[in-house]
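Protein chains in written order, with my numbering: chain U, 1 to 494; chain F, 1 to 494.
There may be inaccurate statements among the hints.
Copies of the same chain look alike in the list, so a pair counts if it works inside one copy or between any two.
Each computed DSSO-like pair below joins lysine-lysine, with the alpha-carbon atoms no more than 27 Å apart [stated by the list, open to error]: (1) Lys53 with Lys401; (2) Lys289 with Lys417; (3) Lys61 with Lys424; (4) Lys437 with Lys449.
The hints are simulated quantities; they were obtained by calculation from the structure and are not laboratory data.
Protein chains: 2
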Amino acid sequence: MDRSNYNNVLKCGSPLRFLNEEEMKEIHTSTLEILQEVGSVIQHEGAREMLKKAGCTVKGKTVFFPHGLIEWAIKQAPSHIHVYDRDGDIAMDLGGRKAYFGTGSDCPTLLDVYTGEHRNFTSKDMEDGAKIIDALPQMDFLMCCGLMYDYPITSYEHEYAVMVRNSTKPQVVTAADRESISNITKMAVAIRGSIEELARKPLFLMYNEPNSPLIHTFEAVDKLIYCSENQIPTNYSPCMMPGATGPITNAGALIQGNAECLAGLVIHQLAHPGSPIVFGGGMYNMDLKCMQPTYCSPEAMVNNITLAQLARELYELPTWGFTGCSGSKLFDAQATNEAAEFIFSIGYAGVNLNHDVGYLNYGLTFSYELLVSCNETISQMRRIFDGVQMDKDHMAMDVIKAVGPKGHYLSEPHTLKYNKEMWKPDLTDRADYEGWKNAGATSYEQRVKARTIDIIENYVPKALTPEQDAAIEAILTEVDAAAEASTEKKHHKK
Amino acid sequence: MDRSNYNNVLKCGSPLRFLNEEEMKEIHTSTLEILQEVGSVIQHEGAREMLKKAGCTVKGKTVFFPHGLIEWAIKQAPSHIHVYDRDGDIAMDLGGRKAYFGTGSDCPTLLDVYTGEHRNFTSKDMEDGAKIIDALPQMDFLMCCGLMYDYPITSYEHEYAVMVRNSTKPQVVTAADRESISNITKMAVAIRGSIEELARKPLFLMYNEPNSPLIHTFEAVDKLIYCSENQIPTNYSPCMMPGATGPITNAGALIQGNAECLAGLVIHQLAHPGSPIVFGGGMYNMDLKCMQPTYCSPEAMVNNITLAQLARELYELPTWGFTGCSGSKLFDAQATNEAAEFIFSIGYAGVNLNHDVGYLNYGLTFSYELLVSCNETISQMRRIFDGVQMDKDHMAMDVIKAVGPKGHYLSEPHTLKYNKEMWKPDLTDRADYEGWKNAGATSYEQRVKARTIDIIENYVPKALTPEQDAAIEAILTEVDAAAEASTEKKHHKK
Numbered sequence: 001m002d003r004s005n006y007n008n009v010l011k012c013g014s015p016l017r018f019l020n021e022e023e024m025k026e027i028h029t030s031t032l033e034i035l036q037e038v039g040s041v042i043q044h045e046g047a048r049e050m051l052k053k054a055g056c057t058v059k060g061k062t063v064f065f066p067h068g069l070i071e072w073a074i075k076q077a078p079s080h081i082h083v084y085d086r087d088g089d090i091a092m093d094l095g096g097r098k099a100y101f102g103t104g105s106d107c108p109t110l111l112d113v114y115t116g117e118h119r120n121f122t123s124k125d126m127e128d129g130a131k132i133i134d135a136l137p138q139m140d141f142l143m144c145c146g147l148m149y150d151y152p153i154t155s156y157e158h159e160y161a162v163m164v165r166n167s168t169k170p171q172v173v174t175a176a177d178r179e180s181i182s183n184i185t186k187m188a189v190a191i192r193g194s195i196e197e198l199a200r201k202p203l204f205l206m207y208n209e210p211n212s213p214l215i216h217t218f219e220a221v222d223k224l225i226y227c228s229e230n231q232i233p234t235n236y237s238p239c240m241m242p243g244a245t246g247p248i249t250n251a252g253a254l255i256q257g258n259a260e261c262l263a264g265l266v267i268h269q270l271a272h273p274g275s276p277i278v279f280g281g282g283m284y285n286m287d288l289k290c291m292q293p294t295y296c297s298p299e300a301m302v303n304n305i306t307l308a309q310l311a312r313e314l315y316e317l318p319t320w321g322f323t324g325c326s327g328s329k330l331f332d333a334q335a336t337n338e339a340a341e342f343i344f345s346i347g348y349a350g351v352n353l354n355h356d357v358g359y360l361n362y363g364l365t366f367s368y369e370l371l372v373s374c375n376e377t378i379s380q381m382r383r384i385f386d387g388v389q390m391d392k393d394h395m396a397m398d399v400i401k402a403v404g405p406k407g408h409y410l411s412e413p414h415t416l417k418y419n420k421e422m423w424k425p426d427l428t429d430r431a432d433y434e435g436w437k438n439a440g441a442t443s444y445e446q447r448v449k450a451r452t453i454d455i456i457e458n459y460v461p462k463a464l465t466p467e468q469d470a471a472i473e474a475i476l477t478e479v480d481a482a483a484e485a486s487t488e489k490k491h492h493k494k
Numbered sequence: 001m002d003r004s005n006y007n008n009v010l011k012c013g014s015p016l017r018f019l020n021e022e023e024m025k026e027i028h029t030s031t032l033e034i035l036q037e038v039g040s041v042i043q044h045e046g047a048r049e050m051l052k053k054a055g056c057t058v059k060g061k062t063v064f065f066p067h068g069l070i071e072w073a074i075k076q077a078p079s080h081i082h083v084y085d086r087d088g089d090i091a092m093d094l095g096g097r098k099a100y101f102g103t104g105s106d107c108p109t110l111l112d113v114y115t116g117e118h119r120n121f122t123s124k125d126m127e128d129g130a131k132i133i134d135a136l137p138q139m140d141f142l143m144c145c146g147l148m149y150d151y152p153i154t155s156y157e158h159e160y161a162v163m164v165r166n167s168t169k170p171q172v173v174t175a176a177d178r179e180s181i182s183n184i185t186k187m188a189v190a191i192r193g194s195i196e197e198l199a200r201k202p203l204f205l206m207y208n209e210p211n212s213p214l215i216h217t218f219e220a221v222d223k224l225i226y227c228s229e230n231q232i233p234t235n236y237s238p239c240m241m242p243g244a245t246g247p248i249t250n251a252g253a254l255i256q257g258n259a260e261c262l263a264g265l266v267i268h269q270l271a272h273p274g275s276p277i278v279f280g281g282g283m284y285n286m287d288l289k290c291m292q293p294t295y296c297s298p299e300a301m302v303n304n305i306t307l308a309q310l311a312r313e314l315y316e317l318p319t320w321g322f323t324g325c326s327g328s329k330l331f332d333a334q335a336t337n338e339a340a341e342f343i344f345s346i347g348y349a350g351v352n353l354n355h356d357v358g359y360l361n362y363g364l365t366f367s368y369e370l371l372v373s374c375n376e377t378i379s380q381m382r383r384i385f386d387g388v389q390m391d392k393d394h395m396a397m398d399v400i401k402a403v404g405p406k407g408h409y410l411s412e413p414h415t416l417k418y419n420k421e422m423w424k425p426d427l428t429d430r431a432d433y434e435g436w437k438n439a440g441a442t443s444y445e446q447r448v449k450a451r452t453i454d455i456i457e458n459y460v461p462k463a464l465t466p467e468q469d470a471a472i473e474a475i476l477t478e479v480d481a482a483a484e485a486s487t488e489k490k491h492h493k494k
């Protein structure tokens with residue numbers, strides 16, 4: 001992987017932010033008040049014991065956090081996480097204001113690019129998805145896009161195998177429990193050679209979330225502890241629905257969301273101080289009219305960016321975001337409108353690890369066309385990040401003086417030299433009207449569809465070595481056998 | 001007009017900017033160097049004499065500007081322009097970081113909403129356009145959208161009559177020369193009562209532009225002087241094509257564009273110091289592959305925003321921008337993608353007066369569907385401008401404590417109270433999949449089309465008073481008669 005996306009940050013000026021210094025501190029102290037006074041439900045006995053030992057008050061399953069412990073945990077976690085690709089080359093520097101983009105995970109359905117229908121997602125679809133992400137230069141990491149219905153029991157492991165076989169890019173993985181995340185870890189170890197090498201050059205991050213309001217399930221906490229102990233980077237991000245699972249106002253949602261993140265951070269840092277974690281969350285308010293999450297609402301964008309702002313500016317932690325998604329059921333003008341608004345907002349805000357690119361229908365349907373389209377949008381935004389180059393030659397004083405009034409710049413060597421720096425469209429039409437008509441008078445949707453199909457049918461990703469591939473296969477065989485044995489045991493019991 | 005759009009600025013944080021302090025000064029001093037050393041062609045004898053008297057060196061039609069005169073002119077122009085609607089209520093405060101939006105002007109063709117065809121623009125189309133702009137709450141001003149082919153000679157005057165009859169919103173007008181801008185002024189005086197009252201409460205701004213590189217035509221300069229003398233607010237904005245009519249690099253384009261703006265500013269301020277002028281320009285680099293202006297390229301957005309940044313931060317002048325437009329030939333996903341990118345960038349940058357909303361095909365084709373769609377996009381952005389309300393009730397501590405872990409917020413009075421503050425979509429679909437299917441499974445394009453047709457067929461704008469209408473009609477009759485006489489005279493001469 002070349003490092004072309006490695007340094008992608010708006011070169012000048014402040015990032016987009018919605019809170020001033022005082023307001024950030026106000027959110028922070030209010031969060032401390034909630035964690036100390038209301039506490040959080042921690043459904044993991046081991047974690048409760050660990051928290052009690054560290055000074056928390058525990059009543060039943062509810063844990064009340066002292067301020068000092070929370071601030072201790074914030075100071076332990078590293079400010080940057082370096083993530084590497086399959087070949088061991090550095091791919092992402094999570095921290096500060098660099099923005100990286102990738103897909104979401106676990107959609108039940110796919111918007112079929114050939115038929116235009118919403119249908120169940122399969123492992124073949126994930127193969128296509130991994131190839132598409134691998135082929136798109138602006139995509140920095142991949143998630144599994146959809147739930148693979150052909151592997152009902154061991155889907156997490158099979159998802160990982162499909163991803164790592166079809167793309168060299170880093171992954172963010174979902175896993176049901178400690179067992180599946182440890183199986184995925186084995187596969188990544190088969191690529192890297194050892195668990196130590198995997199910790200030194202992380203290939204994947206785990207996706208994890210609390211249950212709003214203020215509940216931490218056994219599985220979520222168990223996975224958090226596993227990742228911390230094994231130095232596997234993870235996030236711990238609320239997917240709150242303000243108005244239903246959180247307060248409807250932005251400030252209220254931020255306080256509760258921050259409390260959920262910080263409770264997870266404390267557990268994570270107690271398990272192994274200094275382990276890498278990404279901070280942030282998605283909080284899309286409930287639309288009480290249609291009883292749906294609003295997803296790409298202005299409020300959701302503000303919440304996402306502001307929780308990341310707290311993480312970056314107050315806690316100095318790498319940040320987690322959502323973007324490039326839409327509530328639309330189609331890959332249409334609503335989808336690109338919402339996706340572009342969200343991508344540009346996230347980019348100007350400098351949120352680090354931004355997933356969900358390609359989601360339609362509130363994350364229930366994946367669209368490879370939206371993904372391909374967002375590659376174009378992100379590419380435009382990254383050119384904007386470069387801003388204005390202010391060296392002598394770019395300032396062009398000599399050529400302005402030489403051309404003067406009345407002249408033109410078309411045949412100037414300066415024009416030809418710097419023309420190559422100009423952003424080049426891939427799917428965006430720039431022809432004149434006649435040229436566009438002569439080329440078939442296509443819509444953007446039609447061009448995106450053609451490009452998506454072209455990648456699916458013709459792109460060949462870099463293969464694993466035969467040894468790596470065999471090791472992955474052996475792990476899968478073992479995992480499937482164990483799952484079958486466990487299922488038979490359950491049936492036998494009946 | 002209510003003042004709901006009057007204060008629309010991103011509440012917290014710095015605006016999006018691409019130059020630091022040193023770089024802004026570097027662009028400024030380089031611009032002074034160009035104006036002193038290369039000069040500008042001024043094709044207006046009276047202006048050249050005025051400039052000579054003020055200390056410029058004049059050789060033939062080329063004028064060389066001394067630094068002190070330019071900096072004098074910058075200091076004369078006001079930092080804010082207040083623009084009023086037809087009823088005399090304040091509508092826009094141009095200056096600082098407030099962002100206002102309106103259409104472009106003079107497209108030869110319209111994307112017909114009924115047939116989907118590109119066809120010549122007519123006065124009926126402009127009536128529709130004015131009604132649509134009047135009906136859309138996020139549109140703050142109107143331009144004439146298209147060239148009215150049914151009034152070949154006196155089109156500027158008839159365009160203005162259609163605009164002022166069908167919308168109470170302020171206008172930005174185009175005019176061929178001193179005669180047409182003075183006729184338009186007469187019509188605005190008929191609304192306001194006197195030229196003094198028009199100066200006190202401006203109803204329209206004039207659109208004006210230099211010819212890149214560094215040429216100022218007789219008509220442009222003559223109109224600039226007319227506006228200055230009559231206190232009619234105007235812009236003077238290069239429409240440069242870097243790579244053809246300017247240097248291809250951002251820094252080079254900015255220096256030349258700034259020189260073109262500043263030369264106009266000097267003439268304008270010499271004619272009547274303190275007259276209101278808006279500063280900025282559009283500089284969309286030439287795509288050497290298809291020999292078209294790139295229009296919505298990342299480079300064009302950076303140029304537009306940066307020239308406005310210079311105006312706001314260094315010169316303290318109201319700023320001029322382009323946005324909500326696309327190079328697409330259709331109202332499709334490219335159109336909304338490019339428009340959303342540009343609208344969000346301009347909004348975060350805080351550019352004041354942003355025209356061209358609804359342009360397709362590089363400004364050759366107007367699309368009322370894109371305009372209606374952009375109303376939705378701007379509305380989303382303006383909700384984002386509100387950011388996070390940080391008062392006690394919005395922080396929701398009481399409700400977080402009352403709900404605690406395990407509870408939910410659906411039936412909380414706090415949720416119902418603040419639900420009304422949440423942004424409400426108009427055209428953006430938020431239904432679940434079944435709901436969307438049952439409602440007709442429409443695309444965004446289809447919903448926008450239906451809304452556009454609904455406004456065209458059913459919206460009734462507030463009429464002028466019979467006296468105002470009769471006065472406008474009398475001016476038009478006079479203008480047409482004069483034009484006919486002049487044409488006959490020309491024919492007679494042959």
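Hints versus structure:
For a Cα distance limit of 27 Å, the shortest separation of Lys53 from Lys401 across copies, 25 Å, qualifies, whereas the shortest one inside one copy, 74 Å, does not. In the homo-oligomer, the alpha carbons of Lys289 and Lys417 lie at most 27 Å apart only across protomers (14 Å), although the nearest pairing inside one protomer, at 56 Å, exceeds that limit. Taking the closest pair of Cα atoms, Lys61 and Lys424 never come within 27 Å of each other, the shortest separation being 57 Å inside a single copy and 39 Å across copies. Taking CA atoms no more than 27 Å apart as the test, Lys437 paired with Lys449 passes in both settings, with 18 Å inside one copy and 22 Å between copies.
When each numbered hint is compared with the structure, a violation occurs for hint 3 only.
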